[in-house]
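Model the full structure from these sequences, guided by the hints.
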Amino acid sequence: MSAEDYPDFHDVRLERGYDYGARGGHAFSTDITTVKSGKEYRNIAWAQEKGSWQTGEREVTQAVLDYLIAFHKARRGRAYSFRLKEWGDYRASDEAFATGDGSKRTFQLTKTYSDDGGSYTRDIFLPIASEFSMTRTLPGGSAVAFNGYTLDPIGGTVSLDVGTSYAEITDLSAVASDSSFNSIGSDLSAFEVGDFVQVSGFYNDANNGAFKVATTSANKITVTDEDDNAVTLVDEGATSTRTITRAEFDDTGSDFAFTASTKTITRSSGNFGDLVAGETFTISGSTDNDGTFTVATVVSAQEITVDEALTDESAGASVTINRAQVQVSNTDIEVSSAGAFTSSGEDLSVFQPGAEVTTAGFFQGENNDTFTVDSAAANTLTVDETTTLEEVANPERTIEDEPSVPGAVFAWSGEFDQVVRFAQDEFEYRFDAYRSTPREAIFYLFSLECVVDRL
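Residue numbers (the UniProt record's numbering): 1 to 455.
These are computed hints drawn from the structure, not numbers from a lab. We put the CB at the ideal spot given by N, CA and C, even for glycine. Treat the hints with care, since some could be wrong.
[To be verified] Simulated restraints, written as ranges between beta carbons of each label pair:
#1 108 to 423: 35 to 41 Å
#2 108 to 184: 38 to 44 Å
#3 106 to 372: 45 to 51 Å
#4 41 to 232: 32 to 38 Å
#5 74 to 117: 42 to 48 Å
[What the hints assert, rightly or not] Capping the alpha-carbon separation at 27 Å, the derived lysine-lysine pairs in BS3-like fashion look like this:
#6 50 to 111
#7 85 to 111
#8 73 to 50
#9 85 to 50
#10 85 to 73
See below:
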């Protein structure tokens, strides 16, 4: 951020007049309640310390007075905050301020004061960029210099930069047998052994998250968890051929009877399975009615009518009825909304309302099941049951260097300023004397006080 993001803050430091002889320091606020027994209860009123600093009453030259007058007026007295170097506390050395969790990448700088009895942590808002450095300590390792960050010198936040990153990879796949991620189109050797990577975009949750790179090659990385333990990935291809299938029905019996006048086929012992209106089937082995027919109505499990003409024929011949398997298969079949399958490349109207179909090849397990067709059109098939949205047949996946390694400790060193305001709207001084050699006006400055502020 910049000073423009904090309209009440002016990014200038009080450089003159606050020097030897000035005094100040921090303060806390503690509310103490005393009960009748004499016992005292304490409540910490301020989460963060406050403080004040005074220039002290002193003689100053005309040049210093000019500077202070201009500085005070530019701040409009107490209106705007500014920088102040608190000479008693302006440095940090190996201050741990963040622990990686595999996802969070922006952290507030802090400084911690502690001893065996307790600790106090304050936020640091104004680090000095030219003096700033960072280290990262990986789990089980030692601190090493870390340069993959962006420092906000006004606000005091550090954003971890992503190193190697591949976004929107449509051919990234996961293989369970060797715990690997694979890509033909992306050079995964850009990752290094020991890197932590963040993977997203897979439908199986086991394939998403933070992993540690175990081995690398041009088109493959194998991974473990952050402690070098084996991980269990789930086989998930870069592309998936999805299928919708109406199973074959085939049955043979000597109980088929055909009635020409009503175009009816009946069975006395067997049944017509799950035939539904609109489906086609074949008859073979009959005396006079072999051929292909279309179901007009399903009267009962043992009686159907057809669209085509029949010849009267009593039961007795060994007749076979067959409804061939109907299947569509494509990588572009998607679940566009609850209960709706769509395809731009396949004709889904080959399925009839009421038919049971079985689906396979979807990444979302809930979409691989048996469903009952509610309606069918050229590019859309709706079913009675609930499905899970799965819009993309070739999902865009991301794999990137993860700087926020789980358990990694980030520390900083450098200098920082305080955010302060003037405590008074007034500025008071008096003309005191002249020095004779050289002839120079001497002024007496009444103490200016600054109080701590926050961005």
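These are the hints, each one checked on the structure:
no.	hint	result
1	108 to 423: 35 to 41 Å	violated (26 Å)
2	108 to 184: 38 to 44 Å	holds (42 Å)
3	106 to 372: 45 to 51 Å	holds (50 Å)
4	41 to 232: 32 to 38 Å	violated (53 Å)
5	74 to 117: 42 to 48 Å	holds (44 Å)
6	50 to 111	holds (15 Å)
7	85 to 111	holds (16 Å)
8	73 to 50	holds (24 Å)
9	85 to 50	holds (15 Å)
10	85 to 73	holds (20 Å)
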